[in-house]
Amino acid sequence: MTVIISIECEPLSLVLSQANRRIHNSVVFMSTLLSFTHQSLGPVVTAFLGGYLFTWGFVALTVTSTVTLGWGFHTAEHTAFLLAFPVFLLVFFWLFLSRKTLLTHAVAYGGGVLMTAASVWLQSMLLAQGA
Amino acid sequence: MNDAIWLIIAFVLMLLAMGWFALSLKTHWKQVMSGKPASRLLRSLGWICVALSGLACLQADHASMAVLVWIMLSATAAFIVGQVLSYRPGLLKPLALFRA
Amino acid sequence: MQFNSTRQGMAWLHTWLGLILGFVLMVCFFFGALSVFDREIDRWAIPETRFDPQPMPSFDNLLMGVFERIEPDEAEYKRMMPEYHDASAGEMTPRLELPADEYWAYTTHRDPVLRMGAGFRVPFPANPEGHNHIHGNTTIDPRTGLSVPDHHLKIGSEWFYPLHYSLNLNWNRIGFFIVGIAGFFMLVALISGVWIHRKIFRELFTFRRHKSKQRSILDMHNMTGVVALPFHFFFAFTGLIIFVAFYYMPVTNTMLEPLHSAQQAIEAEEMGLPHERAGIPAPMASVDAMVAEAKRRWAARDMAGEVGFLQMHHVGDQNAYVSIYRAGSDRVALVGEGIHFNGVTGDVLREDPPHSLAESIGDFLAGLHLQHFEHWFLRWLYVIGGLLGCACIATGFMFFVEKRKQQHAKAGSQGSRIVDAFAVTTVTGMVIAAIAMLIANRIIPSATEGKGDIEKLVFWSVWALSFLHAIWRSAAVALAKTNPAWREQTVLIAILGAVAVIANWISTGDHLIKTIFTDPYWAVAGVDLSLLAGSLIALLAVKKMTATHKTERKQETSQEKLATGEAAYE
Numbered sequence: 001m002t003v004i005i006s007i008e009c010e011p012l013s014l015v016l017s018q019a020n021r022r023i024h025n026s027v028v029f030m031s032t033l034l035s036f037t038h039q040s041l042g043p044v045v046t047a048f049l050g051g052y053l054f055t056w057g058f059v060a061l062t063v064t065s066t067v068t069l070g071w072g073f074h075t076a077e078h079t080a081f082l083l084a085f086p087v088f089l090l091v092f093f094w095l096f097l098s099r100k101t102l103l104t105h106a107v108a109y110g111g112g113v114l115m116t117a118a119s120v121w122l123q124s125m126l127l128a129q130g131a
Numbered sequence: 001m002n003d004a005i006w007l008i009i010a011f012v013l014m015l016l017a018m019g020w021f022a023l024s025l026k027t028h029w030k031q032v033m034s035g036k037p038a039s040r041l042l043r044s045l046g047w048i049c050v051a052l053s054g055l056a057c058l059q060a061d062h063a064s065m066a067v068l069v070w071i072m073l074s075a076t077a078a079f080i081v082g083q084v085l086s087y088r089p090g091l092l093k094p095l096a097l098f099r100a
Numbered sequence: 001m002q003f004n005s006t007r008q009g010m011a012w013l014h015t016w017l018g019l020i021l022g023f024v025l026m027v028c029f030f031f032g033a034l035s036v037f038d039r040e041i042d043r044w045a046i047p048e049t050r051f052d053p054q055p056m057p058s059f060d061n062l063l064m065g066v067f068e069r070i071e072p073d074e075a076e077y078k079r080m081m082p083e084y085h086d087a088s089a090g091e092m093t094p095r096l097e098l099p100a101d102e103y104w105a106y107t108t109h110r111d112p113v114l115r116m117g118a119g120f121r122v123p124f125p126a127n128p129e130g131h132n133h134i135h136g137n138t139t140i141d142p143r144t145g146l147s148v149p150d151h152h153l154k155i156g157s158e159w160f161y162p163l164h165y166s167l168n169l170n171w172n173r174i175g176f177f178i179v180g181i182a183g184f185f186m187l188v189a190l191i192s193g194v195w196i197h198r199k200i201f202r203e204l205f206t207f208r209r210h211k212s213k214q215r216s217i218l219d220m221h222n223m224t225g226v227v228a229l230p231f232h233f234f235f236a237f238t239g240l241i242i243f244v245a246f247y248y249m250p251v252t253n254t255m256l257e258p259l260h261s262a263q264q265a266i267e268a269e270e271m272g273l274p275h276e277r278a279g280i281p282a283p284m285a286s287v288d289a290m291v292a293e294a295k296r297r298w299a300a301r302d303m304a305g306e307v308g309f310l311q312m313h314h315v316g317d318q319n320a321y322v323s324i325y326r327a328g329s330d331r332v333a334l335v336g337e338g339i340h341f342n343g344v345t346g347d348v349l350r351e352d353p354p355h356s357l358a359e360s361i362g363d364f365l366a367g368l369h370l371q372h373f374e375h376w377f378l379r380w381l382y383v384i385g386g387l388l389g390c391a392c393i394a395t396g397f398m399f400f401v402e403k404r405k406q407q408h409a410k411a412g413s414q415g416s417r418i419v420d421a422f423a424v425t426t427v428t429g430m431v432i433a434a435i436a437m438l439i440a441n442r443i444i445p446s447a448t449e450g451k452g453d454i455e456k457l458v459f460w461s462v463w464a465l466s467f468l469h470a471i472w473r474s475a476a477v478a479l480a481k482t483n484p485a486w487r488e489q490t491v492l493i494a495i496l497g498a499v500a501v502i503a504n505w506i507s508t509g510d511h512l513i514k515t516i517f518t519d520p521y522w523a524v525a526g527v528d529l530s531l532l533a534g535s536l537i538a539l540l541a542v543k544k545m546t547a548t549h550k551t552e553r554k555q556e557t558s559q560e561k562l563a564t565g566e567a568a569y570e
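In order, the protein sequences belong to chains A, B and C.
The first sequence begins at 1 in the numbering used here and counts up one residue at a time.
The second sequence begins at 1 in the numbering used here and counts up one residue at a time.
The third sequence begins at 1 in the numbering used here and counts up one residue at a time.
With the rest of the complex left out, here is chain A (with noise of 0.2 Å):
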């Protein structure tokens, strides 16, 4: 007797079983997502920026100082974009390996723009001097 009940009433509590299961899986699913995104990926970013705007100014500062230094315009460039890609590694991997997370993305912040200044304030000098 017990079996034939059990018989009939499985389809409905299989659909109400599958469909709670389905809602919790996508739950699970978009709150992992979420998370994931909010939490690991958000780092991810903000030291991939960092090493980036850092890179920037450092490749910036390195062509005009060197051209000030009186190389040429193309060694200078290529110089600088040689060493651009060693440094944003390191940037990149320091700012996210990093404990003091405030500090090490003020430096590295700070850097790119102090140096990205200082590049322009360079460059008008050397037009200034060349006009």
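If you're looking for bench data, these hints aren't it; they were derived computationally from the structure.
Careful: at least some of the hints might be erroneous.
What the hints assert, rightly or not - Some but not every residue of chain C turned toward chain A, in silico, with C-beta under 8 Å: (1) Leu13; (2) Leu17; (3) Leu187; (4) Thr238; (5) Phe243; (6) Val244; (7) Ile361.
Cβ atoms here follow ideal geometry from the backbone N, Cα and C, with glycine treated the same way.
Let chain A serve as the given structure and place chains B and C on it in line with the hints.
Just chains B and C, lined up with the frame of chain A:
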């Protein structure tokens, strides 16, 4: 044609080198032979072959090109030796010369 | 982020960024490997051009006549002319009456056809300082000077090749930037991979294929990654270097542009090559004599070679000059050793000076990636390197799934199922799309209007279908089993590879016996043989997958039996 012969020599030398590097490791030596390998000796043999292979590459090509051929040969040879060890380790027996 | 140790942080980076960007990197590596033989794939796809590579033909006797026949491109005229032309200064010149200002011709040791082009001057320009050129291009058979049909899509050099650095997504160059970011994180993944893999040398040769699936996949991932580590590193690095100044970090073309142009003006002055037309018409001297002189000077530097690129500036003017560059052949660095001649007198104006150390390193790195050199053996080694890279990324995906699918099945998570479907699409789906495109190329008649566009459509839609198929069959992964799409798509690769070779035979009459033995033509034979090799590898993989599948099934049924047995007992 001369260049082709030098390249073949370079490739064979690189295969020998990688074979000896592999046999200098205990786990791989055991796949081929009993006992323990004379690791240092086998490894030195390997390095000598790597160097000779580089010289053979230089015979075939301009230096800038030879470097690339040499590095790519090392990758290919290491992969082949790895596969040989997995499928037919017996093939490396002739290289298992020096037991500790 | 706070990790307990650097190693943990490195492991996180390797796992997650490798996963997300691995899908892009797979495309870069696979189509990059195909690009090694892009010109040969072009020959396969355009049978009209299946003849041997030719050196640069005589300028005076042949090229000059072709240049004079080149017309400014109609679409470009319509688009650019109103922008370049100053209507208040004078009437707009009709398209076919535009005067030529610049001619160029370009070939390599692998090109049977010769690409040529002209730049036409715009009279009454709005901005006299600007470039102001309307262009016209053509491709000729250098043996006869006749144009060859230029409307066919060069599948190798105009589809697979740009795919590997731009994904052929040209909207705002978005593809370039995606590939650039992927390239950067490739370097991150290599460094973090080396960091977390402690037994680099001790396990270099280790592939325990009899151990668990997870173990053997990880072994293969490590082996393909480590043996070709220099290749992986240098190709990601040099790929980035090639585009960095233009796209990824255009410091000197944006922020420092004023300094750049100022310096360039100084350099141009030092070079002594006339920047502007004199405005006085003059007859041109023999360019063939200049070519002979350039070759003599290269030989004197112990680097004898053929002409790769030839350019005439200020055509028909007293300030005309001709620049002749050497074709890449026996060395890696992409230099050209340019020699510039006065176009009217034929005298040497200037030889490009040797590059500085930094520039030479840059030349070497770019040349290493762009491989203009003549070295078939090294080309094949590059293909092996690229395929090892593909194997490394593919096994990376598989390991990710294998490691998690049991756990995900228990928790009811769909994570590994989705990752696995993407992996199927980028591993087998990509290969299917490429072969399907080649088959479409051989089936669609040559005269069909918009043939190239249909081929592109086939490529994208087959790839999309492979994704739908992978998703449709993916339920198994959520139950910690293997997605049957892996096996089904691999079977398809095995079939399609052979079909492509047969389609080439039927449509052109070039079968392997002919292209290898009776009338050797290695470009086509090589593509055919590679397709067959692909088929064979796919077959072996299918065999292996079937065996694994059977053992999995056996385990399942015994578990089921056990379960039903237990139930019966209760």
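Evaluated hints:
1. Leu13: Result: holds, 7 Å to nearest chain A Cβ.
2. Leu17: holds (7 Å)
3. Leu187: It holds, given that the least Cβ distance between C/Leu187 and chain A is near 6 Å, below 8 Å.
4. Thr238: Where the cut-off is 8 Å and the nearest Cβ of chain A is about 10 Å from C/Thr238, the hint is violated.
5. Phe243: It is violated, given that the least Cβ distance between C/Phe243 and chain A is near 10 Å, above 8 Å.
6. Val244: holds (5 Å)
7. Ile361: With a minimum Cβ separation of about 6 Å from chain A (threshold 8 Å), the hint on C/Ile361 holds.
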